[in-house]
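Protein chains in written order, with my numbering: chain B, 1 to 342; chain L, 1 to 342; chain X, 1 to 342; chain G, 1 to 342.
I should point out that these hints are in silico values taken from the structure, not numbers from a laboratory. A few of these clues could be false.
As the list claims (entries may be wrong) - The calculated DSBU-like cross-link candidates involving lysine-lysine, where the alpha carbons are at most 35 Å apart (straight line), are:
id, chain 1, residue 1, chain 2, residue 2
1, B, Lys6, G, Lys7
2, X, Lys27, L, Lys27
3, G, Lys306, X, Lys52
4, G, Lys306, B, Lys78
5, X, Lys149, G, Lys200
There are 4 protein chains.
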Amino acid sequence: MIIVMKKNATEEQTENVIKWIESVGYKTHLSPGVEQTIIGAVGDNRGKEHLKFVESLSGVEKTIPILKPYKLASREVKEGNTVIRAGNIEIGGPEFIVIAGPCSIESAEQMMESAFIVKKGGANIIRGGAFKPRTSPYSFQGMEEEGLKLLRRAGDKTGMPIITEVLNTSDVDLVEEYTDILQIGARNVQNFALLKKVGKAKKPVLLKRGMMTTIEELLMSAEYILSSGNDDVILCERGIRTFETATRNTLDLSAVPVLNELTHLPVIVDPSHAAGHWKYILPLTKGALAVGADGVMIEVHPEPEKAVSDGMQSLKPERFYDLMEEIRKLEKLIRTEMKVTA
Amino acid sequence: MIIVMKKNATEEQTENVIKWIESVGYKTHLSPGVEQTIIGAVGDNRGKEHLKFVESLSGVEKTIPILKPYKLASREVKEGNTVIRAGNIEIGGPEFIVIAGPCSIESAEQMMESAFIVKKGGANIIRGGAFKPRTSPYSFQGMEEEGLKLLRRAGDKTGMPIITEVLNTSDVDLVEEYTDILQIGARNVQNFALLKKVGKAKKPVLLKRGMMTTIEELLMSAEYILSSGNDDVILCERGIRTFETATRNTLDLSAVPVLNELTHLPVIVDPSHAAGHWKYILPLTKGALAVGADGVMIEVHPEPEKAVSDGMQSLKPERFYDLMEEIRKLEKLIRTEMKVTA
Amino acid sequence: MIIVMKKNATEEQTENVIKWIESVGYKTHLSPGVEQTIIGAVGDNRGKEHLKFVESLSGVEKTIPILKPYKLASREVKEGNTVIRAGNIEIGGPEFIVIAGPCSIESAEQMMESAFIVKKGGANIIRGGAFKPRTSPYSFQGMEEEGLKLLRRAGDKTGMPIITEVLNTSDVDLVEEYTDILQIGARNVQNFALLKKVGKAKKPVLLKRGMMTTIEELLMSAEYILSSGNDDVILCERGIRTFETATRNTLDLSAVPVLNELTHLPVIVDPSHAAGHWKYILPLTKGALAVGADGVMIEVHPEPEKAVSDGMQSLKPERFYDLMEEIRKLEKLIRTEMKVTA
Amino acid sequence: MIIVMKKNATEEQTENVIKWIESVGYKTHLSPGVEQTIIGAVGDNRGKEHLKFVESLSGVEKTIPILKPYKLASREVKEGNTVIRAGNIEIGGPEFIVIAGPCSIESAEQMMESAFIVKKGGANIIRGGAFKPRTSPYSFQGMEEEGLKLLRRAGDKTGMPIITEVLNTSDVDLVEEYTDILQIGARNVQNFALLKKVGKAKKPVLLKRGMMTTIEELLMSAEYILSSGNDDVILCERGIRTFETATRNTLDLSAVPVLNELTHLPVIVDPSHAAGHWKYILPLTKGALAVGADGVMIEVHPEPEKAVSDGMQSLKPERFYDLMEEIRKLEKLIRTEMKVTA
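Based on the provided sequences and hints, a complete structural model is requested.
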C-alpha cells in the first residue's frame, strides 16, 4: 500500500505514520517528492484491515492499494486458459459455445420441444430455469424439482449438457444432482454463502456478473468459489445498470477483452437479459463473438408469445436458426482463420 | 397497460392487437390520437406476463405499464405511518432513532465497551455484525454464533434493543433467537429466498437498499417480506453506486422524501457505508434528519484504528458524543417544533 | 400525453383535470380502468410545457408522454438510410468507414507522417485535432489555425477527406473553411449554441454522444443541427460514464442496433476514447463492425510514446496495419456476404 | 506519479522503465515490495502527457497519479474560505444565501411579480433565465436581451442582486453588462471556450456541476475560470445522472462536505433541477443547509401552472414563503448556534 502525505505534512507527522505502519507489521519505504512525500508499506496481507486506518492519522492525504485483491482467478497464477468440460463440450476452447433454451421451464412439452429446437439449431448446451428469481413476489417462481426433472430428461434425450440456476444454499445439493452446470444469477453474485456452497460442488459453475458489479468484484466472487475448492468457473457478462434505458441494461462488451487479459477463466455473454428485446440479440451475439467471448447464452422459446417469463427477449425458432447459421460462419473466420484477439 | 401503436400502423394491425389483448383476458379501450393510436388494456394482473408480449405484434411501438407493482408497501393500502416496536423503542414515530455500534463484533470486551459508548451517547439501538458479507474470501468473516451471544449480552446489560445482519436462509432461525431486529444487507436485497425466509420471522426486518436498486425495486423486495407475513419492515438508504468516487457510494437523500410519499414504512439512513469515511458522518446525519428520515444507523468503535473491518468509517467515542448532542438539538427543532416535511 | 389518476381520485377531481386539459387546448379521452382512470390528452405539441403541469392537480398520479420528441432524425420521416458524402467517400453506405489519425496535430512532420500511415493502412478519412477540449487548463490546447492548415495539407497530399473538431461558435467559419467534416465533441453534445451554428454550415457534422447522454438526447441534439438546415449528421458512440473503471468509459455497443432502428442517420463508433487503452481497440473495432456500425474513428500515431495527448490509446503503425487487415476481411463477410442485421 | 511493475517483471524491464522515466525529465525512486516493485517518478508537471505513456512499456502493470490536478481551487493555496460579494450580499459567509426566481423570464409583469415574491419571502438574490438551454430545438429558447433588461429592472426595483445564465461566448459581454453574477449551466461545465471567456469577466461566476461531472472535474472547470483571472467562482451541486428515475437526477448532497474539505470556494445547491418536482424542494433545501451548503438556488413562479418551462419544479408563492420561514429558523440553529460542520 502507498501512503500519500499532505503537502504541508510535518516531519513529525511523517515519522508518526512510519512508526504506526511498522507497529502493525509492515516495513516502510520513504520517497520524498517535490511536493508530497510518499510512504510505501511493504508486507504481505496480514493486518490489511488495520493498515487502511493509517488514513486517519494526521498529515495523511490518502492511501492507494497496490496488490490485486484476487489471486486464484488471476493470470498471474496460471499460464494458458482454463478449459471447462461439461459432458462432451469444452468451454474456453476453440469452439464458440452457444447455450440456449427457455427462460423458465413451463411444462414437459415446452421443455422437450425447446431442447430439440436448440439441438436442431446447432447449439451446445441447453438452458432452462426451475428456480426463478423474480422482482415481484406475485410472479411465477418456477417449477422447482419438477422442472429439474424435465430439464434432465431433455438433456438426456438430446445428448446435450444442461445448465440451470440455483438460488438458495439449501437447494444446491438437489440442483447439483440433476444439472451439468450450476448457474449463479446476477442478483446472487455477492451472496457469499451461496458462492461458498457451490464452491464445494463437483460441477462447474457459471457465475453471472451483477448489474452493479465491477469487473474486479466479479473476479473476487469467482475467488470465493475457487478458494472453496471448485476450479471450474465460467464468467458471464450480462449487462450493467446505467442511466440509459433504451436497452434494459447496458451490455459491457469491453469487459470481455478486459477479462481475457486479467483471468484465465472462460468468459461468455448473455445478450438476452442485457438487451431485454429479441430484436437486438443477433447483432449483440455477433458482437460478443467479435470481441473475443468464448460463447453466449441466449433465450429461445417455441412460442415466445406464450412464455410465462421474458417472452419479449426470447427468439422464435426460425430466428434462432438464422442466428446460428450466421454465427457459425463468423466463428469460422474469427476463431479459426484469424489469430485470436486480446 | 397502455399500448402505443406506431404512427403508420394500419387499421388491420390495430384490430389484430385488440383481438390479441382480448384473447388473453383483458378488455380494451381505444383512444385515437392526432398522430398515434393508443389502446388501453383493462383488467387485473392475471396474464400479465403474456400481455407484455403484445409489443412484438406488427404495428405496436411500445407498451407502458400503469399499475404500481407493489401493493402492501404502498400508501394506497394503509393510512398513516407504520410504527415498529423493538423492545421499548418505536421506529417510525416522533423520535429520531439512532442505531449505533461497531461494524464487526470482535471480542467480549470490544462489544461491551461499544455498547456502553452507544448508551452513553444517547443512541436507541445497538448494532454489531456477527456474520459479515465481505467482498474478499480472505477477509474476516465474523464471529458467528459466538458473536450473537456477545451482542445479546451487550443488549441485556444496557437494556437496549439490538440489530444484526443475517446472510443465509439456514441461519435465520439462529439469528432470530438472539436479536431484536434482523438486518438484510445491501448485497442481499434481491436474495429472494432470504427475503421469504425473514418474511416468516416474528422479529422486525431492516432492509437495506442495494447499491444499484431502484426505489421501486426496494419496495418490491419489501413486498416479498410483507407478503410472506411479516408486517414490520424498516427501509434503509445506504448509498447507491454512481460514477462519483469521492465518496464510496452516493448517498441518495432524495430517496427519503420519495419513500415517505410512496410508502407507510419507516425509512432510515446509513451514512457510514455510503460515505466510507468518518469525517462526512456528522453533516450527512444532520442531512438525513433534515430531509425527513426516521433515524440513522452509524458505526462507532472504541478504537477505530484497531477495528477488523471498516475502521475508516467508524466514529471515535468523543466524535460520536458530539454528534449525538448536535443531532438531539436539531431533532427538537425539526421533528417537534416544525411541521413534518414531505 | 397520458394522465394517470390516483386510485382514490374522486369523480370531481377527474372532471377538474379534464376541464383543465381542455382549457390549454387539448381534446381529452377518458379510459376508466379497474383500479385507475386514465385520461388521454389529444392534440399537437402547442402548449406542451403547460400540459405537463397537470401533474400538480389534485388526484393526478403521473403523466406519461407518448410522442417521440425528435422528428427529422426519426425513421418515421424518411425511408432508407442517409448516406453522407465527404470528398469521394460515402458514410452510411455499404463500406465500413475507418477514420484514423492522431489525437492532436503536433507538427508538420507528425501530421504528414500520420496521414501516410492512415492511407497505407487503407483507412478512408484522416482525423486530427487542432482545437483540443482538455479537462485541465494546464494541458496542451491545440495548434489552432496552424494545425488546421497542416491537416488540410495532409488531406490534399493523400487525396483523403479530413475531419476535425470545433469547440466554439466563433471558430466554426474558420474550421469549415479547412475541413471536410466538422466534429462536435462529447462535452459539447448539448452546447446548443454550437449545434445551431454548425447546423448552418455547408459541411457534414459528426456528432459525438456525451458520456452521460441518453440515446434520445443524442437524437434531440442531432435534431438541433437538422432543424437548422444541415441534413448531413453522422452519430458517434464513444462510451458512456458508468461505475466501471476498468475501461475509461463503457462502450455502449448496443446503442448501434438501437440507433439503426430509430434513425436514418449513419452511426460510427470511437473505441479509442471509450476504452482509453490501445490494447482493447482491435477487439472493440471488430465488435463495432459486428453489431452493425457504419464505421469507426480510431487514434493512430507514428510514435505514441511521444504524443502530447492520449498516447495510451493510440495505435502504433504496425498494430494499425494489422487491425485494418483483419477489419477488411471481417467487413467482407459481415457487410457483403451476410444480410445486414438490425 | 507511481509506476507499479508486474509481479513477474524482470530486472531488465525495471531498469528500462527507470531509464525511460529519467529520459523525459523526472527523477526516480525505487521501492522493491514483497510481490511487486514500485517506482516513484519525482518532478513537476512538465512532460506529464509523456510520462503517462510509461504504462505501455514492458513489465509495467499500471500508473497512479499522485498530485491533485487543480491548484488555485485547492485549499492548499489559500487559508480560509473565499467570500464573494454581489451587490450588498456575501456568498460563502455566515448567512445562508437563497437565490430564487422563475426558470424563464417570460414578460415584464411575470418578472416583476416574481421579484417581489422573492423579496417578500426574504431571499437574497433574484434569478431568471433569458437564454435557455433546452434539450429540444422546438422548446422556448428565452427572451434574450429583452429578458436581461426585465431582470435588471427587477433587481433595481427590489434593490437585490441578480443572476442569469450565459450560453455562448459571443453573449458574455452583453450578459455581463446587465447581470451581477454570471451563471454557467450544467451542460456547459466543460465548454472550455466559455469558461475561459467568463474567466476574463469582472463579475462573479456561478458554475454548475454537470450531471456527468465528477467533483474533481468540477474543480478543474473552476480552475479554468480562476486561471483566466477571475477569482470569484461559486460552485453549485444540482444533481447527477444515475440509474434512479424517481427524481429527475440524484442530488449528491455528500458533494457539499467533500467540496468544503477540498476547496475554499463557496458551494450552493440547486434542489429544483435535481428533484424535478416542487414537492421535494422543502426537505432537500433543509438537507442542503444541514450538510453545510452556503446557500440554495430554487425556482419560484407566481403561477407555476402557466410557466413556459419547468413549471413542475417551481414553488407557488405561499409554499415559498413557508419554506423561507422554516429555513431561516434552521439557519439560526445550524449556522449560528452550532459549530460549523465539515
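A quick look at each hint next to the structure:
1. Of the pairs offered as hints, the one joining Lys6 (chain B) and Lys7 (chain G) holds, with about 29 Å between alpha carbons and a cut-off of 35 Å not exceeded.
2. Between Lys27 (chain X) and Lys27 (chain L) the alpha-carbon distance is near 23 Å, which keeps this suggested pair within the 35 Å criterion.
3. The hinted pair formed by Lys306 (chain G) and Lys52 (chain X) meets the criterion: a straight-line CA distance of about 10 Å does not exceed 35 Å.
4. The suggested pairing of Lys306 (chain G) with Lys78 (chain B) is violated, with an alpha-carbon distance near 68 Å, which exceeds 35 Å.
5. Of the supplied pair hints, the one linking Lys149 (chain X) and Lys200 (chain G) holds, its CA atoms being roughly 29 Å apart against a limit of 35 Å.
Going through the hint list in order, the structure does not satisfy hint 4, though it satisfies all others.
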